[in-house]
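Peer 1: In case you want the letters, here they are:
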Amino acid sequence: MIGFPLFPEVASTIARSVDLLYFFLTAVAVFFSILIFACIVYFAVKYRRQPGRAAEQVQGAIGLEIAWAAVPFLITIVMFTWGSSLYIANSRVPQQAMDIYVVGRQWMWKIQHPSGRREINELHVPVGQAIKLTLASQDVIHSFYIPAFRVKQDVLPGRYVTMWFQATRTGEFHLFCAEYCGTSHSGMIGRVVVMQPEDFEKWLGGVTEETPAQVGERLFSEFNCINCHATGSRQRCPQLGGLYGREVELEGGGRTTFDEPYIRESIIAPNAKVVKGYSPLMPSYRGQISEEQILDLIAYIRSLTPEGAE
Amino acid sequence: MSSETIRLYREHYLNCSYGVRSWLLTKDHKRIALLFLISITLFFFLGGAFAVLIRLELLTPQGDLVESETYNKLFTMHGIIMIFFFLIPSIPTVLGNFLLPMMIGARDLAFPRLNLLSWYIFSLGGLFTLGAVISGGVDTGWTFYTPYSSTYANTHVIATAVGIFITGFSSILTGLNFIVTTHKMRAPGLTWFRLPLFVWSNYATALIMVLGTPVIAITLLLVGIERGFHVGIFDPKLGGDPLLFQHLFWFYSHPAVYIMILPGMGVISELVTCFSRKRIFGYEFVAFASLAIAVLGFLVWGHHMFVSGQSPYAGMIFSFLSFLVAIPSAVKVFNWTATLYKGSISFDAPMLYALGFIGLFTVGGLTGLFLATLAVDVHVTDTYFVVAHFHYIMVGGMVMAYLGGIHFWWPKISGKLYPETWARFAALVVFVGFNLTFFPQFILGYLGMPRRYHAYPPEFQVLNVMSTAGASILAVGYLLPMAYLVWSMRYGKAATDNPWDATGLEWQTPSPPPTENFADTPVVTWEAYDYGAKEDKEKEPQVA
Amino acid sequence: MPDHSTALAHQFDDLEQQHESVSLGMWIFLATEIMFFGGMFLGYSVYRGIYPAAYGEASRHLDVVLGAVNTGVLLSSSLTMALAVQAAQLGGRRTLVLFLIATIALGSVFLGIKGLEYYHKYEEQLIPGSNFHFDGPNAGHAQLFFSFYFVMTGMHALHMIVGIGVMVVLILLTLKGRFSAGYHFPVEISGLYWHFVDIVWVFLFPLLYLVDRS
Amino acid sequence: MPEHIMEKKIYYAVFGALMVLLAATVLIAYIHLGKLNFIAAVSIAVVKAVLIILYFMHVRYSSRLLWIFVGAGFFWLGILFALSFSDYLTRGWLPLPTGWE
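Chains as they are written, first to last, in my numbering: chain A, 1 to 310; chain B, 1001 to 1544; chain C, 2001 to 2214; chain D, 3001 to 3101.
These are computed hints drawn from the structure, not numbers from a lab. Take the hints with a grain of salt, since some may be wrong.
What the hints assert, rightly or not - Have a look at the derived ranges for each label pair, beta carbon to beta carbon:
# : chain 1 : residue 1 : chain 2 : residue 2 : range
1 : C       : Gly2165   : B       : Pro1457   : 54 to 62 Å
2 : D       : Phe3074   : A       : Leu6      : 47 to 55 Å
3 : C       : Val2162   : D       : Val3020   : 38 to 46 Å
4 : A       : Thr81     : D       : Phe3085   : 21 to 29 Å
What the hints assert, rightly or not - Within a straight-line C-alpha distance of at most 20 Å, the following computed SDA-like cross-link-like pairs (lysine to any residue) qualify:
#  : chain 1 : residue 1 : chain 2 : residue 2
5  : B       : Lys1237   : C       : Ala2053
6  : B       : Lys1237   : C       : Asn2131
7  : D       : Lys3009   : C       : Leu2090
8  : B       : Lys1342   : A       : Cys39
9  : B       : Lys1237   : A       : Arg286
10 : B       : Lys1027   : C       : Gly2056
11 : B       : Lys1237   : A       : Met282
12 : D       : Lys3035   : A       : Gly253
13 : B       : Lys1342   : A       : Arg48
14 : B       : Lys1237   : C       : Ser2130
15 : B       : Lys1237   : C       : Phe2132
16 : B       : Lys1342   : A       : Ala54
17 : B       : Lys1534   : A       : Val58
18 : B       : Lys1027   : C       : Ala2007
19 : A       : Lys46     : B       : Ser1346
20 : B       : Lys1534   : A       : Pro51
21 : B       : Lys1237   : A       : Glu265
22 : D       : Lys3009   : C       : Thr2095
23 : B       : Lys1237   : A       : Asp139
24 : D       : Lys3035   : C       : Ser2045
25 : D       : Lys3008   : C       : Leu2090
26 : D       : Lys3035   : D       : Phe3081
27 : B       : Lys1534   : B       : Asn1498
28 : D       : Lys3008   : C       : Thr2095
29 : D       : Lys3008   : C       : Gln2089
30 : A       : Lys273    : C       : Gly2136
31 : B       : Lys1027   : B       : Glu1011
32 : A       : Lys46     : B       : Phe1347
33 : B       : Lys1027   : B       : Pro1512
34 : B       : Lys1342   : A       : Ala61
35 : B       : Lys1534   : A       : Gly60
36 : B       : Lys1342   : A       : Glu56
37 : A       : Lys276    : C       : Ala2053
38 : B       : Lys1534   : B       : Asp1501
39 : C       : Lys2121   : C       : Gly2056
40 : B       : Lys1027   : C       : Val2022
Every residue gets a Cβ at the ideal spot worked out from N, C-alpha and C, and that includes glycine.
Work the whole structure out from these sequences, hints included.
Peer 2: What follows is the structure, encoded as structure tokens:
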């Protein structure tokens, strides 16, 4: 990789489309820069001060003023429309995306695969597969940035954000933290390793670690969640099996999707949104549980099947 | 010449009284302008010293010159000092203070005591910030993003925030003074559409200062409270929203960019007309473009937050509004260029700066479009692309305009001429050095080099070395004017009242002007930049 | 006619120009104050939107009676201030001083009641920070409400203290005979400032005390 | 601009109106109206503020320039609120995470 690159690698499905827009913007910028530079140089030479020739007073021209306000306006409308539609299109996560959880903290990225494999400052992904990242920060704001994929997302404390990408070629790419986060901000870097699916499977299988769902199951007892949420008891709290991804009705009206943010909120601030028919009895686990543990619990809850289905 | 000898004994604002007291208690806007000139020059070179250290550190990818902690403090202090203590006050408090009353035919600003107070407040805020620097510095970045600044940083956040908070009042007082002065103190006959465009642009700047600055004040106050008492206002652990800070911060800090550039645009309008001997092309459009920028500038702050977790709908609204603010800037550039058409152009040093400004501002403005475009901004935000873009606006634009203005009005301010050859040479050095420093950073940015990095991957080194080389040239370019302007105060040739043969009312006063500016209040019957009439008059045979 | 030459500053041509400049300047200053308080109002509103229940609960810990009485007191002080300005316009120095004293008195009553309320909050451990105590599941978000309560009312009270200081100076200047029917801008712009502080409270009262009382 | 001296009568009338509005705002707060409670509270506050600005602060009899600057302060406050809430009110619109604590 050492050398003198002038353009970043193109390694994701969206990279080309972003580059195309970038080339358009560059073309517009170059055109207008050259136009202005050329006019300045031409006028400066042609109308340089010469004895015997005075300046000719030109007051202005309404037509020109309208033209050079309207033309840039129209061009920016194109930029806006193109940029926004591409942005919206790029933020739509494909259905078949593989879930990977990321926790940022000063100053490292902790990454967790659904199979249980964990890694730090490295992200291994298979080529040609859409990857959906769910990210949280343990402390300050970070930003997950992979230049070769043209993706970047600030990672916030107290909230989940998502991003996705699909790598188009194998190789190693830079992973940066792009939001200043303190002393070792520039050390919060790593690499994204894109592998052939077979190699990726091999890599995944190479280590036998507990899967997040298994860790979550253990935490489920350790944090005494099981005392109330055990399968079979339905007096005090809702059944968790099979709820993931469904809409639930809330006490006091309203509905919400039973997804990662809602599960997280229910652990940290259980009584903010209580499912209809239940009382706000659950204690808050704020401060007692780490972001990674919450992600494990979510993985476990996702793995639960509805009662009686087993 | 006999007029020369008379000049020697004439009383003016510099020699009407002597001693430290006469300066520290002055209510004369011209003396206060010089007090500001001295203060912000000190801050400029301090901020510049930090910049030099940053560039030296980035010469090698390993980050081996200073520790990362030190590096973080360097770029933070560079940003804070350059933005709050140099760029924002620079043209308004120095050239604006000096020229605004003279340009509108007034004896002083509307509130001279507030004007002096503004300098004291500025100095107090500056001392606070310097105190924070000396006692160890601050490392949050000039943006003070929470919760890093409110909870995690171990440096002198509160002292620095207090310094900026105090300085904000200086900005408010200056803005208030300019608005009232422009409305109420114009000479008879000087209607709004006869005003020099420098006055329009300073008026627009003053509006932003007055309406934006209080918001940064309360924002920093809340950060201080959060940091001191941990009540949760910006702390997600206690239910706060860090993005609320970003909204409040950028509500001021984006318009603050226009505080920096608008007065520069005003200077350019004066310079381009004078050295082309022409009335400005499309006066009304340039004038209203200033006001449009001041208003639209308040509607675009969310483009700093496209990847921050802000709602994508808000992102689209802000993206659209950001494109709108590009239009008045484009209109200005086209009008300046058109002003050259059929002019009689001379290339004195101020004009070189002005032409440099137009070119660099064009590049800076056009690259701003990349950052307003949502899909591209996702990739380039928080990279060196942004760094390059805003330096093109602020250093390529604003500092060029400031230097051009200082040169142009130096004869009026000091009563002395600067050495023209040296000045042209310095202008070229600045232009070359600037481009070499910051153009490579656009490429670095699209390559993906994040900003605020103390160490970086080795493949970025070549471009970084170019940038550092440019910075050394740029440093020389800034030191040169400092040297010869100081030299000229003592050894320069005495300036005539109107060495550029310019039209503004300020040139109708003697150089340097007397304390009261005008012996009699002038009555204005002509348009601004009436160079045509001036040339015609000169063509008429002089009647003895 | 009183002598105007001492009142007219050298940079102005006449008193009318000076008068207009001064009152325009004051209004611009008030615009900055609107934005200053506006930042706090924005923070307050954002969290009220996110945590309506906690805001309702926390707000019920404030004393409506004291708040309403204080609003009445402050509105009365605005009346006396308006009358003071009128007295100044008419050149009545005695009435001017009396009305200024009345305004100071009412302002002090307001601050006294405010202090009493703060003291109650202190006793109830409702001051945000390490000693904050609030029953129920919404404690953390109630703390946010009280943070804004103290910051906003505290900033407001600080403005009142400044206003009272200004009025003391005005009284001294009046007694020295500085003001007349022709020259009284300082009284007038101080009045503007005082009314502005009143307006801030007009919004603070319902937003802080009456969030969810029904 | 000749100075306009208002009659005492007007001051008292405005003061009376302000006190009535104060009573109204307290009373309405105790009637359950749902979202209207908030709207009523803010509307009454706005009316009170306008009364104070127009009469106590003499803006009604002031130059157009003053009207512009009075308006500008509130207009800019409106910008701050409108665009900030363009974010907060639309965050839940997309199936994007809204996992607020």
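Peer 1: Hints first: check each against the structure and report whether it holds.
Peer 2: Taking the hints in turn, this is what the structure says about them:
At about 59 Å, the CB distance of Gly2165/C to Pro1457/B agrees with the hint of 54 to 62 Å. Take Phe3074/D and Leu6/A: their Cβ atoms lie about 51 Å apart, and the range 47 to 55 Å holds. For the hinted restraint 38 to 46 Å between Val2162/C and Val3020/D, the CB-CB distance of approximately 30 Å leaves it violated. For the pair Thr81/A and Phe3085/D, the supplied restraint of 21 to 29 Å holds, since their beta-carbon distance comes to about 25 Å.
Distance hint between Lys1237/B and Ala2053/C is fulfilled; the C-alpha atoms sit about 19 Å from each other, no more than 20 Å. Of the pairs offered as hints, the one joining Lys1237/B and Asn2131/C holds, with about 17 Å between alpha carbons and a cut-off of 20 Å not exceeded. Between the alpha carbons of Lys3009/D and Leu2090/C the distance comes to roughly 15 Å, so the proposed pair stays at or under 20 Å and holds. Taking the CA atoms of Lys1342/B and Cys39/A, the gap is near 12 Å; set against the 20 Å cutoff, the hint holds.
In summary, the hint linking Lys1237/B to Arg286/A is supported, as the alpha carbons are separated by about 8 Å, within the 20 Å threshold. Among the hinted pairs, Lys1027/B with Gly2056/C is inconsistent with the structure: their alpha-carbon atoms are about 53 Å apart, more than 20 Å. For a cut-off of 20 Å, the pair hint linking Lys1237/B to Met282/A stands: about 19 Å separates their Cα positions. Restraint check: the Cα-Cα separation between Lys3035/D and Gly253/A comes to about 15 Å, which is no more than 20 Å; the hinted pair holds.
A threshold of 20 Å between alpha carbons decides the hint, and for Lys1342/B with Arg48/A the separation of about 9 Å falls inside it, so the pair holds. At roughly 14 Å between alpha-carbon atoms, Lys1237/B and Ser2130/C fall within 20 Å of each other, so this suggested pair holds. Restraint check: the Cα-Cα separation between Lys1237/B and Phe2132/C comes to about 16 Å, which is no more than 20 Å; the hinted pair holds. Using a Cα cut-off of 20 Å, the hinted pair Lys1342/B and Ala54/A holds, with the two alpha carbons roughly 9 Å apart.
Between Lys1534/B and Val58/A the CA atoms are separated by roughly 15 Å; this keeps the pair inside 20 Å, and the hint holds. Restraint check for Lys1027/B and Ala2007/C: the C-alpha separation of about 17 Å stays at or below 20 Å, so the hint holds. For the given pair, Lys46/A sits about 12 Å from Ser1346/B by alpha-carbon distance, which is consistent with the 20 Å threshold. The suggested pairing of Lys1534/B with Pro51/A holds, with an alpha-carbon distance near 16 Å, which does not exceed 20 Å.
In summary, the hint linking Lys1237/B to Glu265/A is supported, as the alpha carbons are separated by about 12 Å, within the 20 Å threshold. Of the pairs offered as hints, the one joining Lys3009/D and Thr2095/C holds, with about 17 Å between alpha carbons and a cut-off of 20 Å not exceeded. As the CA atoms of Lys1237/B and Asp139/A are separated by approximately 9 Å, the hinted pair is consistent with the 20 Å bound. About 14 Å separates the Cα atoms of Lys3035/D and Ser2045/C, which keeps this hinted pair within 20 Å; it holds.
Restraint check for Lys3008/D and Leu2090/C: the C-alpha separation of about 12 Å stays at or below 20 Å, so the hint holds. Between Lys3035/D and Phe3081/D the alpha-carbon distance is near 19 Å, which keeps this suggested pair within the 20 Å criterion. At most 20 Å may separate the alpha-carbon atoms for a hinted pair to count; Lys1534/B and Asn1498/B meet this at roughly 13 Å. For the suggested pair Lys3008/D and Thr2095/C, the alpha carbons sit about 13 Å apart, so the restraint of at most 20 Å is met.
Taking the CA atoms of Lys3008/D and Gln2089/C, the gap is about 12 Å. The hint holds against a cut of 20 Å. The straight-line distance between the Cα atoms of Lys273/A and Gly2136/C is roughly 15 Å, inside the 20 Å bound, and the hint therefore holds. Among the hinted pairs, Lys1027/B with Glu1011/B is consistent with the structure: their alpha-carbon atoms are about 17 Å apart, no more than 20 Å. Between Lys46/A and Phe1347/B, the direct Cα distance comes to roughly 13 Å. Compliance with the 20 Å bound is thereby established for this hinted pair.
Note on Lys1027/B and Pro1512/B: the hinted pairing holds, with a Cα-Cα distance of about 17 Å set against a maximum of 20 Å. Straight-line distance between C-alpha atoms of Lys1342/B and Ala61/A comes to about 14 Å, which keeps the hinted pair within the 20 Å bound. Taking the CA atoms of Lys1534/B and Gly60/A, the gap is about 19 Å. The hint holds against a cut of 20 Å. This hinted pair checks out: Lys1342/B and Glu56/A have alpha carbons roughly 6 Å apart, not beyond 20 Å.
Distance restraint check for Lys276/A and Ala2053/C: the Cα-Cα separation of roughly 17 Å lies within the 20 Å cut-off, and the hinted pair is therefore satisfied. For the hint pairing Lys1534/B with Asp1501/B, the CA-to-CA distance comes to about 9 Å; that is within 20 Å, so the pair holds. Restraint check: the Cα-Cα separation between Lys2121/C and Gly2056/C comes to about 16 Å, which is no more than 20 Å; the hinted pair holds. For the hint pairing Lys1027/B with Val2022/C, the CA-to-CA distance comes to about 17 Å; that is within 20 Å, so the pair holds.
Comparing the model with each earlier hint shows violations of hints 3 and 10; every other hint is respected.
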